[in-house]
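Asks: These protein sequences, in sequence, are chains A and B.
In terms of my numbering, the first sequence opens at residue 1 and continues consecutively.
In terms of my numbering, the second sequence opens at residue 1 and continues consecutively.
No lab work stands behind these hints: they were computed from the structure.
There could be a bad hint or two in this list.
No copy is singled out in the list; a pair is fine if it fits within one copy or between any two copies.
The calculated lysine to any residue pairs, modelled on SDA-like cross-linking and capped at a C-alpha distance of 20 Å, are [stated by the list, open to error]:
#1 K60 with G143
#2 K93 with G63
#3 K125 with I138
#4 K404 with P316
There are 2 protein chains.
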Amino acid sequence: MNGNAHPIAPLDASLLKITHVETLKPVPTPGTYGFGDIKTDYMLVMEYTAGSGWSAPEIKPYGPLALDPASNCLQYCTNVFEGMKAFIGPDGKARMFRADQNMTRLVSSAERMGLPTFDPDALLKCITALVSIERRWIPAENGHSLYIRPTMIGTKASIRVGKSDSALLYTLVTPVGPYFPISPAIPHPTLAGVSLLAISEHVRSWPGGTGGYKLGLNYSPGFVPQTLAAQEGYDQVLWCLDVGKKPEEGAVISEAGAMNFFAVLANEGSDGGITIVTPPLDGTILPGITRDSALQLLRAHADSLSTSSTSPFSSPLHSGSGPISVIERPLSLSELAQAAQAGRLLECFGTGTAVLVVAIERIGYYPLSKTTAVPIDSEHTENTPKITDIVMKGGLKGLGQVGKALYEKLGALKDGSEEWNGWNVVCE
Amino acid sequence: MNGNAHPIAPLDASLLKITHVETLKPVPTPGTYGFGDIKTDYMLVMEYTAGSGWSAPEIKPYGPLALDPASNCLQYCTNVFEGMKAFIGPDGKARMFRADQNMTRLVSSAERMGLPTFDPDALLKCITALVSIERRWIPAENGHSLYIRPTMIGTKASIRVGKSDSALLYTLVTPVGPYFPISPAIPHPTLAGVSLLAISEHVRSWPGGTGGYKLGLNYSPGFVPQTLAAQEGYDQVLWCLDVGKKPEEGAVISEAGAMNFFAVLANEGSDGGITIVTPPLDGTILPGITRDSALQLLRAHADSLSTSSTSPFSSPLHSGSGPISVIERPLSLSELAQAAQAGRLLECFGTGTAVLVVAIERIGYYPLSKTTAVPIDSEHTENTPKITDIVMKGGLKGLGQVGKALYEKLGALKDGSEEWNGWNVVCE
């Protein structure tokens with residue numbers, strides 16, 4: 001990496017040191033806390049400095065970081081992160097799901113921010129050690145897990161605009177329940193589902209931007225739109241490209257709040273098949289690991305219908321006998337609205353580490369301006385534009401056949417009840 | 001702001017308290033330090049917490065901030081800032097330039113990030129007190145000043161995705177010289193000028209995005225492109241919209257590195273006039289205060305040519321006798337290239353608090369892909385696309401007639417040598 005006589009130290013998991021806390025905190029009862037609020041006993045920290053490279057990783061008592069007010073991360077937002085989960089399986093063992101993918105994506109995010117990189121395997125070893133020492137914080141309850149948040153921040157203490165040549169790489173863990181609160185009357189996964197609002201005046205990402213990386217800076221611009229969505233009675237924002245276009249001209253779905261977006265459409269014609277569509281990774285969409293897992297599982301199932309290979313699912317994904325297509329392609333609001341009107345929109349769902357798989361119950365569209373925007377239904381008159389929802393076929397509440405199969409399969413793979421492709425790894 | 005019985009405390013400058021350092025640091029000699037690296041003795045800090053509101057502002061010894069690892073600012077980049085300068089005038093007094101505008105913009109940025117807001121006048125009073133106590137750090141040398149960096153960060157200690165209901169608002173100051181290093185052989189403002197590279201694969205902002213606010217998160221995505229520009233031999237990136245478009249199809253200039261962009265064109269036809277163009281504030285461009293000041297000064301001059309009003313400039317802005325138009329409108333790379341080829345591109349310059357006014361000497365275009373992009377000159381052949389520069393009329397080096405007049409006028413207004421519209425305010 002450099003031509004100096006002094007080599008830059010790589011991130012070395014064998015140097016991991018542990019500083020123990022004097023008194024362990026009490027672990028709260030699952031169900032009593034919100035998402036991300038609980039602080040555990042430990043955190044994992046390592047530092048990079050120009051010229052020296054990576055310090056020895058340390059697991060130490062959770063506590064505040066001391067940062068210079070001029071720090072690059074505070075001034076210019078060189079902050080990247082990952083979201084992963086550890087689960088307790090029926091065998092009592094703790095497992096992480098495809099964590100190698102998170103490590104690879106974190107390196108890619110760091111590179112995009114001009115931050116120093118590191119050996120992803122070395123970081124994963126250190127995180128595994130953190131999860132092991134925090135074992136008692138992993139809730140075993142259904143729908144609960146230990147959320148793991150690796151974070152990297154640029155620490156150069158200068159307001160000069162430019163890359164940070166020093167960084168802090170730390171990981172915190174926090175016990176979590178379901179991301180969306182569940183009514184006791186409607187247990188997951190038949191949860192009624194979330195509602196999304198497409199807001200034409202707010203665009204999350206765009207060609208040539210940073211929407212395809214997991215950067216902290218992709219999130220805060222969504223806070224004000226999220227408040228607007230909540231005020232209009234929706235759970236999250238549905239991000240679209242092509243701001244300001246009338247929906248029938250093709251506002252294109254990119255992703256949903258903190259999730260990737262999937263739609264299941266009954267095929268036109270009489271083949272009795274279905275098409276599962278998700279927007280392509282064109283650089284404007286987060287390359288979700290749950291998204292990738294869902295696509296791999298669905299494609300293996302679709303292949304099994306025409307070959308002698310084995311499906312990862314034990315039951316069919318739709319009630320008909322036709323083919324299943326799994327396609328990454330642009331999906332516009334107008335296509336979705338037309339499919340809904342024709343009764344072909346079977347289900348929509350979101351995928352993500354935080355939510356796993358969650359039903360999308362309805363989609364609204366918020367006009368750019370009261371005078372020019374056109375809502376997506378046919379009842380529109382030019383003087384009274386309003387939000388009109390796209391709803392699933394038959395007013396479906398909760399996960400449909402595809403979403404439910406994915407929810408159950410991914411849940412079983414994550415907690416180690418089932419195995420597929422070596423995706424879950426026991427934390428030893 | 002809330003309906004509680006307990007009122008939320010507003011930011012109150014009359015509560016300002018000062019905690020003195022024990023030993024003052026030595027002030028370094030101007031010319032020996034880079035931009036933004038020096039730490040002075042003090043910083044100004046105030047905290048907002050949900051339910052209580054603003055704490056008493058405090059000027060205290062400069063030092064690290066203690067931040068929870070889960071802080072909203074580190075995880076999701078709710079960080080906003082301002083850039084202002086204090087100058088020592090020929091009368092020995094310290095002055096700030098249009099600082100009220102910075103305060104207003106900071107409030108607007110905070111709102112966009114969902115951060116708590118504050119009374120801009122109250123913050124300005126506290127900053128004035130900080131500048132007064134740090135008086136000895138203001139360099140009096142030509143081209144030098146005390147850079148002031150108000151910063152606000154969201155401090156909610158939870159990784160839950162959403163607005164921060166607590167914040168830290170702090171201000172640091174640092175003595176600075178010219179932003180771009182000046183060769184001793186070429187004193188400012190006849191500085192040869194900077195070069196800009198338009199990179200088609202990187203887009204800073206877009207309609208529906210946050211480019212029109214001064215947010216920390218607008219800066220780090222530019223660090224990797226900036227490195228690319230430097231590798232190609234250019235000083236900064238020229239940000240354009242319409243990524244991937246061939247330049248002749250109209251890649252549109254938005255701004256230049258950390259500056260707003262101006263071009264001066266000789267009019268077509270024979271009226272002997274000039275047109276000064278800068279891109280409009282359409283939400284994709286930082287509403288620069290130096291940009292606004294330049295527009296106001298230039299428009300006052302243009303008006304003076306046709307009315308009996310007084311010009312703020314003592315000499316003409318071009319050698320001809322024709323009219324001067326000052327226009328905010330989109331400006332494409334192809335228009336600039338055509339004007340350059342026709343000998344009508346008289347000058348380009350950038351404006352900003354950090355640079356004041358700086359000459360733009362040449363503009364290059366970096367293709368999206370070696371196989372599809374088209375460079376902006378006519379020597380192009382399809383198999384050998386290359387970077388070809390737009391250069392000013394007659395290969396102009398340094399500021400032209402308009403840029404030089406602005407540089408001198410703004411410099412005189414900033415240090416208090418001259419007065420106009422009450423723009424500079426003495427720090428008492």
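Asks: Give the relationship of K404 and P316 under a CA distance limit of 20 Å: within one copy only, between copies only, both, or neither.
Replies: Cα proximity of K404 and P316: one copy only (11 Å, versus 74 Å across).
Asks: Checking K125 and I138: alpha-carbon separation at most 20 Å within a copy, between copies, both or neither?
Replies: within (18 Å within a copy, 50 Å between copies)
Asks: If the cutoff is 20 Å on CA atoms, where do K60 and G143 land: within, between, both or neither? Let me know, please.
Replies: Result: close neither inside a copy nor across copies, 28 Å intra and 47 Å inter.
Asks: Measure nothing new, just compare the shortest in-copy and cross-copy C-alpha distances for K93 and G63 to 20 Å and report within, between, both or neither.
Replies: neither (28 Å within a copy, 45 Å between copies)
Hint compliance for this structure: hints 1, 2 are broken, all remaining hints hold.
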